[in-house]
Structure formats: C-alpha cells, structure tokens
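Protein chains: 2
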Amino acid sequence: MNSKSNIIVAQSGGPTAAINSSTCGVIQEALKSDKISQIIGAINGILGVLKEDLFDISAERPETIEALRQTPAAAVGSCRYKLKSLEESQADFDRILDVFRVHNIRYFFYAGGNDSMDTADKVNKLAAARGYELVCMGIPKTVDNDLAITDHCPGYGSVAKYVATCAAEAGRDTEALATTDTCTILEVMGRNAGWIAAATGLAARGPEDAPHLIYMPEAAFSFDKFIGDVKEVYKELGRVFIVVGEGLKNEKGEYITADKGTFGRDSFGHVQLGGVAEMLKAVIEKEVGIKARCNKPGTNQRSAMHFASLTDINEAYMCGQAAVKAAMAGENGKMVTLVREKGAKYKCTTGLAKLKDIANGEKKVPREYINDKGNHITDAMRDYVRPLVKGQAPVTIGEDGLPIFMRFSKKFLEKKLPNYL
Amino acid sequence: MNSKSNIIVAQSGGPTAAINSSTCGVIQEALKSDKISQIIGAINGILGVLKEDLFDISAERPETIEALRQTPAAAVGSCRYKLKSLEESQADFDRILDVFRVHNIRYFFYAGGNDSMDTADKVNKLAAARGYELVCMGIPKTVDNDLAITDHCPGYGSVAKYVATCAAEAGRDTEALATTDTCTILEVMGRNAGWIAAATGLAARGPEDAPHLIYMPEAAFSFDKFIGDVKEVYKELGRVFIVVGEGLKNEKGEYITADKGTFGRDSFGHVQLGGVAEMLKAVIEKEVGIKARCNKPGTNQRSAMHFASLTDINEAYMCGQAAVKAAMAGENGKMVTLVREKGAKYKCTTGLAKLKDIANGEKKVPREYINDKGNHITDAMRDYVRPLVKGQAPVTIGEDGLPIFMRFSKKFLEKKLPNYL
Numbered sequence: 001m002n003s004k005s006n007i008i009v010a011q012s013g014g015p016t017a018a019i020n021s022s023t024c025g026v027i028q029e030a031l032k033s034d035k036i037s038q039i040i041g042a043i044n045g046i047l048g049v050l051k052e053d054l055f056d057i058s059a060e061r062p063e064t065i066e067a068l069r070q071t072p073a074a075a076v077g078s079c080r081y082k083l084k085s086l087e088e089s090q091a092d093f094d095r096i097l098d099v100f101r102v103h104n105i106r107y108f109f110y111a112g113g114n115d116s117m118d119t120a121d122k123v124n125k126l127a128a129a130r131g132y133e134l135v136c137m138g139i140p141k142t143v144d145n146d147l148a149i150t151d152h153c154p155g156y157g158s159v160a161k162y163v164a165t166c167a168a169e170a171g172r173d174t175e176a177l178a179t180t181d182t183c184t185i186l187e188v189m190g191r192n193a194g195w196i197a198a199a200t201g202l203a204a205r206g207p208e209d210a211p212h213l214i215y216m217p218e219a220a221f222s223f224d225k226f227i228g229d230v231k232e233v234y235k236e237l238g239r240v241f242i243v244v245g246e247g248l249k250n251e252k253g254e255y256i257t258a259d260k261g262t263f264g265r266d267s268f269g270h271v272q273l274g275g276v277a278e279m280l281k282a283v284i285e286k287e288v289g290i291k292a293r294c295n296k297p298g299t300n301q302r303s304a305m306h307f308a309s310l311t312d313i314n315e316a317y318m319c320g321q322a323a324v325k326a327a328m329a330g331e332n333g334k335m336v337t338l339v340r341e342k343g344a345k346y347k348c349t350t351g352l353a354k355l356k357d358i359a360n361g362e363k364k365v366p367r368e369y370i371n372d373k374g375n376h377i378t379d380a381m382r383d384y385v386r387p388l389v390k391g392q393a394p395v396t397i398g399e400d401g402l403p404i405f406m407r408f409s410k411k412f413l414e415k416k417l418p419n420y421l
Numbered sequence: 001m002n003s004k005s006n007i008i009v010a011q012s013g014g015p016t017a018a019i020n021s022s023t024c025g026v027i028q029e030a031l032k033s034d035k036i037s038q039i040i041g042a043i044n045g046i047l048g049v050l051k052e053d054l055f056d057i058s059a060e061r062p063e064t065i066e067a068l069r070q071t072p073a074a075a076v077g078s079c080r081y082k083l084k085s086l087e088e089s090q091a092d093f094d095r096i097l098d099v100f101r102v103h104n105i106r107y108f109f110y111a112g113g114n115d116s117m118d119t120a121d122k123v124n125k126l127a128a129a130r131g132y133e134l135v136c137m138g139i140p141k142t143v144d145n146d147l148a149i150t151d152h153c154p155g156y157g158s159v160a161k162y163v164a165t166c167a168a169e170a171g172r173d174t175e176a177l178a179t180t181d182t183c184t185i186l187e188v189m190g191r192n193a194g195w196i197a198a199a200t201g202l203a204a205r206g207p208e209d210a211p212h213l214i215y216m217p218e219a220a221f222s223f224d225k226f227i228g229d230v231k232e233v234y235k236e237l238g239r240v241f242i243v244v245g246e247g248l249k250n251e252k253g254e255y256i257t258a259d260k261g262t263f264g265r266d267s268f269g270h271v272q273l274g275g276v277a278e279m280l281k282a283v284i285e286k287e288v289g290i291k292a293r294c295n296k297p298g299t300n301q302r303s304a305m306h307f308a309s310l311t312d313i314n315e316a317y318m319c320g321q322a323a324v325k326a327a328m329a330g331e332n333g334k335m336v337t338l339v340r341e342k343g344a345k346y347k348c349t350t351g352l353a354k355l356k357d358i359a360n361g362e363k364k365v366p367r368e369y370i371n372d373k374g375n376h377i378t379d380a381m382r383d384y385v386r387p388l389v390k391g392q393a394p395v396t397i398g399e400d401g402l403p404i405f406m407r408f409s410k411k412f413l414e415k416k417l418p419n420y421l
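So the sequence lines, in the order shown, correspond to chains Y and A.
Just so it is clear: in the first sequence, position 401 is 401 by the working numbering, and no numbers are missing.
Just so it is clear: in the second sequence, position 31 is 31 by the working numbering, and no numbers are missing.
Chain Y on its own, in the form it takes in the complex (with noise of 0.2 Å):
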C-alpha cells in the first residue's frame, strides 16, 4: 500500500441523529493519521462513487466537522440504491473500484444497515480479486436496530428516547380529552422489525401511563384480538393510547394494511390512503365506537436531533472511530459493532463482526421481549433499551430560539472519469 493514500466516508439508507455522529468519529479519528492523505466524501452514498460526485472533507473547517454531532439526518447525503451480486451489478463494481483508484482510495468507510454491509464486503472481495489494495469497514446505522451481531445500532437510541417521550406525552393528551378523543393510534417506523414501537414502552411506568397497548411485526396482528384488546383497556380506564409498528403483519405473514379483508380496502376493493395507523383508527371507531385520532410522526422521529440520546450519539462516535482505529491496525472487511458488557451498570465497548455476516442476518424483538397477549413488552425488553435513551445530547441554539445545524462547503473533486449513470 502507498505510504499515504486517501479515504472515502459515505453514508447509507434511512438517515438518523446518529449518523452524522459517526461520520463525525472516522473524520477526527481519520485527521490523526498520518497514513491519510486526504478525507473524501462520497455524496448520497454509493451513488456518488459511482457518480464520481466527491468532495474534500479535510478541507471542511473543523468547526463545521464538530457540529456534525449535532446535526441530524446524513450531512454527506444518503441512497437507497442497492446493489445486486457481483454478475448482476458487475458494471457497478468495476466503475466503483475505477473511482477508488483514480482518486488513490485505500479505505473506504461505510455506515449503513445490512444492505450497505453487503455493498462494501462484495467491493472488498471484488478489490481482492483484482489485486486492487482495499480496507473496507462499515458502522452500524438504522433505527430500525435490525442489524445482526451488535447488541444494537446507533440511531436506535435517540428514536427509542424520542418515540417514548411522544407517547408519555400525547398518552396525557388522550388522558385530558378523553370523552371525547378516547383514543390515539401514535404510528412509528419499523417495517420488519418491531423495536421502536417496542421502546415506546418504556413510557408506560405505571398502568394509566400510555402506551397501553403495542402492535409490533413481530407478533401476528389479529383484527379480531386487536377489537377485543381496545374494548378491554376502554373499559378499564376509559381511554386507549395505542403504538403500532408500521408494518404490522398478520398470521399468513402479509401487511395488514395490504390484506383483501373487510379492513385496509374500501367497500369496492380499493387501497385506502394512509398507513396501518389511519386504517386501524378506521377500524376502531366502527367496531368500538370511539373516536380515534393518529400521529405519525414520520421522518421526525428519525431526525429529532433536538432530543436526542446521548448514550447513542456518544456511542455513534465510538463506532466511527473504533472503524477507523481497526482499518490503521490492519482489519479489513469488518463491521464495528457495540458490546454490552456484563454486569448490572451499564457499559458499552466496541467490537467487530464480518461484513458478510452482518450483510446475511437480521434481529428481530425476541420473543420474551413480548408480553404473551403480543400486545406490550415485557421488563427484559425495558431492560434492554432502558440504558440507551439515557442522557440529553447537546444542542446549540441560535439567536432564533431553534437549533443550529451544519452543512458542508463541499469543494468537490475534479472529475478523472467519464460519466456513469
């Protein structure tokens, strides 16, 4: 390998508060070494390799380096774009190494989920193959704290934090107006996996407190036993504060908010506009016979930098600088992932798991997180994800009253190549 070569930081997927926090720890970390030349940036990802759209991070002021701590979503730019295996996306492949090369990249850090995973471990063999000298590494990345191996993702923190502050909070709402807005279906992230609506639990420290009831996809969602759930906490407490993940599933395994029933269509058969949360406020008021309303926070939840945890911004810096601290040691191919270590404190170090096994597994809420109803959580879950919501992360705000956020100058790179997409 040259004596002094250059990185590449790229950020990948659904943004989150924590994001720009680790890219924030491969930066600083990256500026001590004196084997990097120079810090680039790949804009939107993978798609700005391939694009050959880069810029010079160490060209960035280091206050504005600092301030990524502070800024939520993904400053560098995210994608969804999503490479297949080598034969299907060979072109791809080829074109990201021919960028690699010209601009003499030898390290390429990627944060992501299990999809981005998959990316750098299949450009880290491919560069092996062609003799092309690579250290790829990835940092955890996703909210829906679905990767394998680590004991949980950054991102994940703050939206636990976040999302189960919206239900202690809105759960008073439902509480003060309850003869007339009886109940709230409060609709948050998780397509496959359940644990944001699992984290809402935490708010629900005695029975009045909201939530009184979870959805996740983990348990099959049953309309029938879902009627029967409201009626119940209806009559007890005479409000319902419900959390549900958005992709709830039913038995068969299919979205509920796809199913041919009598729910999720119109009387003709047509899909209804909304999420799960809007069909099942429809659902409710037909067959309880209280009015429901519906907040679905949406991308705020995964943004809220403004109450962000600061076990998990914390623990997303480690993670970008474990990565790179690993890459000068000689790791290559690996993932950094957070420990739990043993013992009744709380306390969080690093590790480092095979890019291919994170790329081929998926974490689901364990079974004994779920209460045996399959509608809440049970104290092993609020065991789990209690020390990660833990602190306020710092928020500088302006003259305004509002939070101050970064953005890069981005002095883009001379582009050496031909276009490509």
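For the record, the hints were derived by calculation from the structure and aren't laboratory data.
Since the structure is predicted, the reported quantities are computational estimates derived from the model, not experimental observations.
Among these hints, one or two may not hold up.
[What the hints assert, rightly or not] Straight-line distance between alpha carbons at most 20 Å, and here's what the computed PhoX-like set of lysine-lysine pairs gives:
no., chain 1, residue 1, chain 2, residue 2
1, Y, K51, Y, K411
2, Y, K410, Y, K252
3, A, K291, Y, K291
4, Y, K291, Y, K51
5, A, K125, A, K291
6, A, K291, Y, K82
[Claimed, not checked] If we take Cβ atoms under 7 Å as the criterion, some of the chain Y residues that face chain A in the derived model are:
no., residue
7, N295
8, H306
9, L310
10, T349
11, K390
[To be verified] Which residues of chain A face chain Y? A partial, calculated answer using Cβ under 8 Å:
no., residue
12, N44
13, G77
14, T396
15, D400
Beta carbons: idealized from backbone N, C-alpha and C, even for Gly.
Add chain A to chain Y, keeping to what the hints say.
Relative to the frame of chain Y, chain A by itself:
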C-alpha cells in the same frame, strides 16, 4: 360576598404544553389570598361542574402543584362539551349555578379558547341576573393562536418552537435522501387559522432550508398553483419540503379534503382516509412524479413538553396569576390578554379584555404575514413569532431517561346534588 369563599379552576378544549402552567399560576396565586378558602378542580372542564365531579386542589402536595409547569396536556381534565345560548342550554346553566352555590364557589377561573370564554361570560351573566355573587375570569389557551385582542395565546409559542424544529430536522432528512424520498409534507394543526403552519417558516433561514412551501387556511388553495409551486422548487433544489395546515380551503372556502373534484376522493367518489397531507402526497406523486412522504405529528405537537418554549410556559403562568390578581382587585367578566410592549426588545405584560369580546372574535394570520404567492411567510410573521419560541422550559428527567410528569391525587369532594347528565 362571604368573607371566605371557594374558587373553581377548570380547563377546556384541546390540551397544550402550557395550560397546566396557567393553572399552576392560578393555584399558587390563589393560595396566597386570604379571601379564598378552598381551591376546587373541575374534572374535564365544564363537564366536571355539571356532573359535580370536583376535587380538592388545596389538598394536593405543593410539589405536585409546582410540577404542573412541567406537565403537558390538561392535568385537571379537559372536554369539548359546548354550551349553546342561555335559552337553549338553560338546564345546563342552572345546574352550573346550583353546583357553584352548594360548594360556595364565588370565583370561576376558566382556561380555554373562545367557546370557553363564551361559556364563562354566560355563566357570569346568569349569576348576575339571579343575584348570585360570582366572579368569572378567563385565561387564554390555544395552540391555534386564534383568540382576538390578545397578542398571542399561551400554548402557541411551544407548538411554534416544536413544529419549526420538526421542519428543520425533517428537512435535513429529505435533503439527505432526496434521490429517492424527494418530497416531504408535514401536516400541522390549524383547522381555521394558519398560525402553526406559519411558525415553521422560522426554520427557513436560507433558501436551502425547509420548509420551501407553506400553505395556510387563510390563502385559498388551488391544486394547479400547488403543483406548479412544487415543480418549481423541485427544479431548483431537487427536493421539496412542504408544510400544510390541516384545514386548507379552496377559493369557495370549502375544505380541500372534502373537495368533490379529482383529488380527495377515489375514482368512485369515496372520501379517502388520512388528512390533507396524505391527499397532497397522492397529488404530487401523480402530477409531479416524485415520491412524497407524510409526517403528521398530531397531538404530539401540542403536547411536546420536552421542547416547550420557556417564554410560552412563563407567560402562561403569568396569565394564570394575573387572572387571580385581577379577580381579587375587583375585576369580573374578563379574560387576561398578553400585551406586547412597543420597542425593539420583546417585552410582554398582561391586560384584560371582556369575555364577550373574546367569545365573538377570531384572529387569523393577517395577509401581510403571508407572501404574495400565498405559499410562505413574510418577515412580518417572522418578527411576530420569533420572540415566542425562545428559551427551553425546564423538564425533569427520571432515572429511566424520560421526562417526569405529575398527576393530581384527586381527593374528590362529596356530591351534594342529584346526578345530572
């Protein structure tokens, strides 16, 4: 009037992050007065009076009362029960006076919007007509900020701060993922007035920043203009972040969600589930051809205690205090108003307005606060709202990392009258 008498405290309408702070101001000020014997809470507003569902606030612990300032929603309980004219609701009004009489209630402090001020005014007039000595005082409360005379309403500053921050944060999310999730629509509250939607304009510090387009009920909505606006922003920035008030209306003043045209109903003429954002998402995907997402924080926006404006929470308290002070000084039939002092530096004091004048008024976003195109705000609006969002209201965080809210222990008063309702 008796040398010592009781007061009743009640909350009405949609909860806010600040109404409990107003109630705290009433209670703590009333506790200082030697004219007052017992402070009584009416559970669920006027409904609690009608049903004689009353509890002894004087018996609550001082810490519980103090914690009202940090608790969202309406801790005494709220309702949407609307009394009509004295003639039409004669039985209700008589019952209210009966309940007041048997519990020696000589002061009625009612926090709410214009319907509540109307109720308080009518109760007051009936009491006078019947020769029952009663003082009725109103405390402004509404996230909608649509009360007449008062410069602004407690509750508004907090929702304004929260939704503007939501726009800033989710705007960064849209920016990061613009290659696929190109457009985001944030739907905020405001059925008749666009104050909440307008507040998000604060987040647009520069042309890159969200929101790029803001639609308020005050500016007649045209689908053609809307599609043109979206196309223009998309062409310029490659992404579009839109804020819509839930109550957008067309030129005829009809809610666009009830529009009988192409949009808002499916091809069979059935009204679609979901609100205005879901509908506009469908319009954008069809007419502009870009993917759109919807965020609809719902009741989370008005209960977001975790990021409430300190200015708002303090002013809310001040209104409660001022209502008691004014009542003790001999005022009656008035609502406390917030008065913005002239001068460059923001300073806010309280005034008084007749309940009747509040009941019959409504304050919409003035034309000069909305830009010429009707799709964003002007500097006049920014100047109006900026001081209201400032400062972070204190929140006590529990061992589990989430905010702690209070609940009254509710020592119920013995019922002295037959059941009613």
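Okay, the hints, checked on the actual structure:
1. Y/K51 <-> Y/K411: Roughly 16 Å between the alpha carbons, so the hint for Y/K51 and Y/K411 holds.
2. Y/K410 <-> Y/K252: violated, 48 Å
3. A/K291 <-> Y/K291: Status violated; Cα separation ~31 Å.
4. Y/K291 <-> Y/K51: violated, 51 Å
5. A/K125 <-> A/K291: violated, 56 Å
6. A/K291 <-> Y/K82: holds, 17 Å
7. N295: holds, 3 Å
8. H306: This interface hint holds because 5 Å falls under the 7 Å limit.
9. L310: violated, 9 Å
10. T349: violated, 20 Å
11. K390: Hint on Y/K390: holds, closest Cβ of chain A at ~4 Å, below 7 Å.
12. N44: Cβ of A/N44 sits 5 Å from chain Y, so the hint holds.
13. G77: Holds - the Cβ of A/G77 comes within 8 Å of chain Y, reaching about 6 Å at its closest.
14. T396: violated, 12 Å
15. D400: With a closest approach of 6 Å, the A/D400 hint holds.
The structure fails to meet hints 2, 3, 4, 5, 9, 10, 14 from the earlier list, while all remaining hints are met.
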